[in-house]
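Student: The listed protein sequences derive, respectively, from chains U and E. The first sequence begins at 1 in our numbering and counts up one residue at a time. The second sequence begins at 494 in our numbering and counts up one residue at a time.
None of these hints come from the bench; they were simulated from the model. Do not take every clue at face value.
Here chain E is said to cover these stretches of chain U; the calculated rule only asks that three of the stretch's residues, wherever they fall, bring their Cβ under 8 Å from a Cβ of chain E [stated by the list, open to error]:
| # | stretch |
| --- | --- |
| 1 | 77-89 |
| 2 | 227-241 |
| 3 | 272-279 |
Here are the simulated DSBU-like cross-link-like pairs (lysine-lysine), alpha carbons at most 35 Å apart as the crow flies [stated by the list, open to error]:
| # | chain 1 | residue 1 | chain 2 | residue 2 |
| --- | --- | --- | --- | --- |
| 4 | E | K520 | U | K368 |
| 5 | U | K97 | E | K520 |
| 6 | E | K520 | U | K273 |
| 7 | U | K277 | U | K97 |
| 8 | U | K270 | U | K104 |
| 9 | U | K97 | U | K380 |
| 10 | U | K277 | U | K104 |
| 11 | U | K270 | U | K380 |
| 12 | E | K520 | U | K270 |
| 13 | E | K520 | U | K106 |
| 14 | U | K368 | U | K104 |
| 15 | E | K520 | U | K277 |
| 16 | U | K96 | E | K520 |
| 17 | U | K28 | U | K104 |
| 18 | U | K365 | U | K28 |
Note that the Cβ used here is the ideal one computed from N, Cα and C, for glycine as well.
Given next are the chains, with one letter for each unit.
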Amino acid sequence: MNQIQTYMWIGLIILIAITIWLGYLGFKRTKNVSDFAIAGGNMGPVILGLAFASTFFSAATFIGYTGWAYQWGFSSLWIYLALIGASPLGLILIAKKARELNIKQKSLSLSDWLGDRYNSDFLRVGTALISLFNIFYIAAQFAAGAWIFNTLLGLPYTAGLTIIALIVVLYTYGGGSYADIYTDAFQAVLMAIMGILVLVSGFWMIKGDGFTGILENLSANLSEQGEQMIAVINPESAVFYSVSAIIGAFIIEFAFSSQPQLFNKVLALKHPKDMAKMIIVYVLATICFLSVIFGGLYAAMFVPSVDHPDKALLEYVAIAFPPAIAAFLGLVVIAAAMSTTDGIFVVMSMVIANDIYRKFLVPRKWVKTADDQVEKTALKLSRWVTIVVGVIAYILVLNPPESMGTFIWIGISGVASGTLGPLIVGLFFPRRASAIAANISMISGVVSYLIILMLGFERSTMAAGAWAVCVGVVAMIIAGFFFPGEKKSESTV
Amino acid sequence: MWVNEMMTIWLWGTIISLALIFYSLWKWYFPKK
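Same shape as in the complex, but just chain E:
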């Protein structure tokens, strides 16, 4: 656990959110070669 339970959720939530954002942009938005 990092700092407290909520901060741990915040850290992982932020990492997962950004990963999902960049994955979905890469998957849907960048033209296929």
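So here's chain U without its partners, still in its complex pose:
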């Protein structure tokens, strides 16, 4: 066992202990479905801003994005701009109004909110079922965690997979959203520290006159590997190879901030007037996290022949820092994976227990439950769903597919293309917001995404989702003209 492994085992035990303790605190506060779904709607802005950020950024940020920068150079910084520009603006557009409308609506999830806003069960159940696509997202994060255990600790892949799946299922089963948000805030702090450490390591690794001098030396070194490494558009890149691919990335990242696992953080905020504080905390955390992308560029200079781009940051950190920090990076990737999956677990639970069971099957008497038992049954169901989802995700990645990244985007793009049209029009154009238009938008967005995906005529997975989101939004606007909203809906807005 080498030094990094010793530190990592010690750190891992501490990380698991703190996570389980925070999960237990959440368990003690979870009394009903609203607690499980949105922490009873009574969270403060700082803890939620941190939780929003760590849910938003996953293991893909630390492993995938740094791998892009390592492989394709400076053009990968477009992802930094999409995530610091488009995503916060997307959140600012929807957050305030969605939370204010929810004072009366009291919805518990994105699909619940849409179903309540349009008074349409078809939309509620449709968008709920689309949300189930995000099980691929959970599976991919599990695989990333297991890969870290395997790469750094030498644990067999299935052992690592079992550890991460068990921990996340345990604390979300018990504490739902409370556990999700408490652990996320803690995990966000770890991720922020790592991002800043990696960025400033340039000062002692690269040398140069100030930050500008360091970057000039870095740029000169990378240009020796090929001019495309410092180009604005790198034709070899899988993500930023053309202007349209860049535009697609901005569109899908704009839509990303209303993903269901993020939307329920907006609904969890106690006082809507604190929304700006929450967003500022999330933006500051984002700047810290994204600094890690520079580590991918540093790695291209110092460890140019890594056998897989996913390992670039790990190898760079191992030579730039003492073993304790290299071990810390491993823990941060685990934390980043957990903080994203737990939020999606909660969404999955709500889809089944609230959106489908409590708000659809019970009112229609398709399932017979005594009135005083509905709430208890729904909470019990939420907990069972976490176990079932955990098992399915585990099985999905027992033999991880090569194209794991594509898997993640299927869930994200499917959800975004089906929900962004109804969400934006429902917030800002109540005269055009009819249930018929929303359902047309949901179906055309998702179907167009599946067509783009099946025909494979879009090289960038991000751009494929972006065009489908555009179809969904345009369909909503056009359908809104043919089927305008009801007059009375204006008074409720």
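Given chain U, work out where chain E should sit, using these hints.
Tutor: Below, chain E without anything else, positioned relative to chain U:
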């Protein structure tokens, strides 16, 4: 130009993004006096 073309875009892109974020928060989110 700062460092190289992409870093210049990154610098200005980041500045403009943060300016837009704070401007839109100030405009929409902070209660009018």
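Student: Give a verdict on every hint.
Tutor: These are the hints, each one checked on the structure:
{"no.": "1", "hint": "77-89", "in the structure": "holds (count 7)"}
{"no.": "2", "hint": "227-241", "in the structure": "holds (count 3)"}
{"no.": "3", "hint": "272-279", "in the structure": "holds (count 4)"}
{"no.": "4", "hint": "E/K520 to U/K368", "in the structure": "49 Å, violated"}
{"no.": "5", "hint": "U/K97 to E/K520", "in the structure": "14 Å, holds"}
{"no.": "6", "hint": "E/K520 to U/K273", "in the structure": "14 Å, holds"}
{"no.": "7", "hint": "U/K277 to U/K97", "in the structure": "15 Å, holds"}
{"no.": "8", "hint": "U/K270 to U/K104", "in the structure": "14 Å, holds"}
{"no.": "9", "hint": "U/K97 to U/K380", "in the structure": "31 Å, holds"}
{"no.": "10", "hint": "U/K277 to U/K104", "in the structure": "22 Å, holds"}
{"no.": "11", "hint": "U/K270 to U/K380", "in the structure": "25 Å, holds"}
{"no.": "12", "hint": "E/K520 to U/K270", "in the structure": "22 Å, holds"}
{"no.": "13", "hint": "E/K520 to U/K106", "in the structure": "27 Å, holds"}
{"no.": "14", "hint": "U/K368 to U/K104", "in the structure": "27 Å, holds"}
{"no.": "15", "hint": "E/K520 to U/K277", "in the structure": "14 Å, holds"}
{"no.": "16", "hint": "U/K96 to E/K520", "in the structure": "12 Å, holds"}
{"no.": "17", "hint": "U/K28 to U/K104", "in the structure": "27 Å, holds"}
{"no.": "18", "hint": "U/K365 to U/K28", "in the structure": "32 Å, holds"}
Checked against the numbered hints listed earlier, the structure breaks hint 4 alone; every other hint is satisfied.
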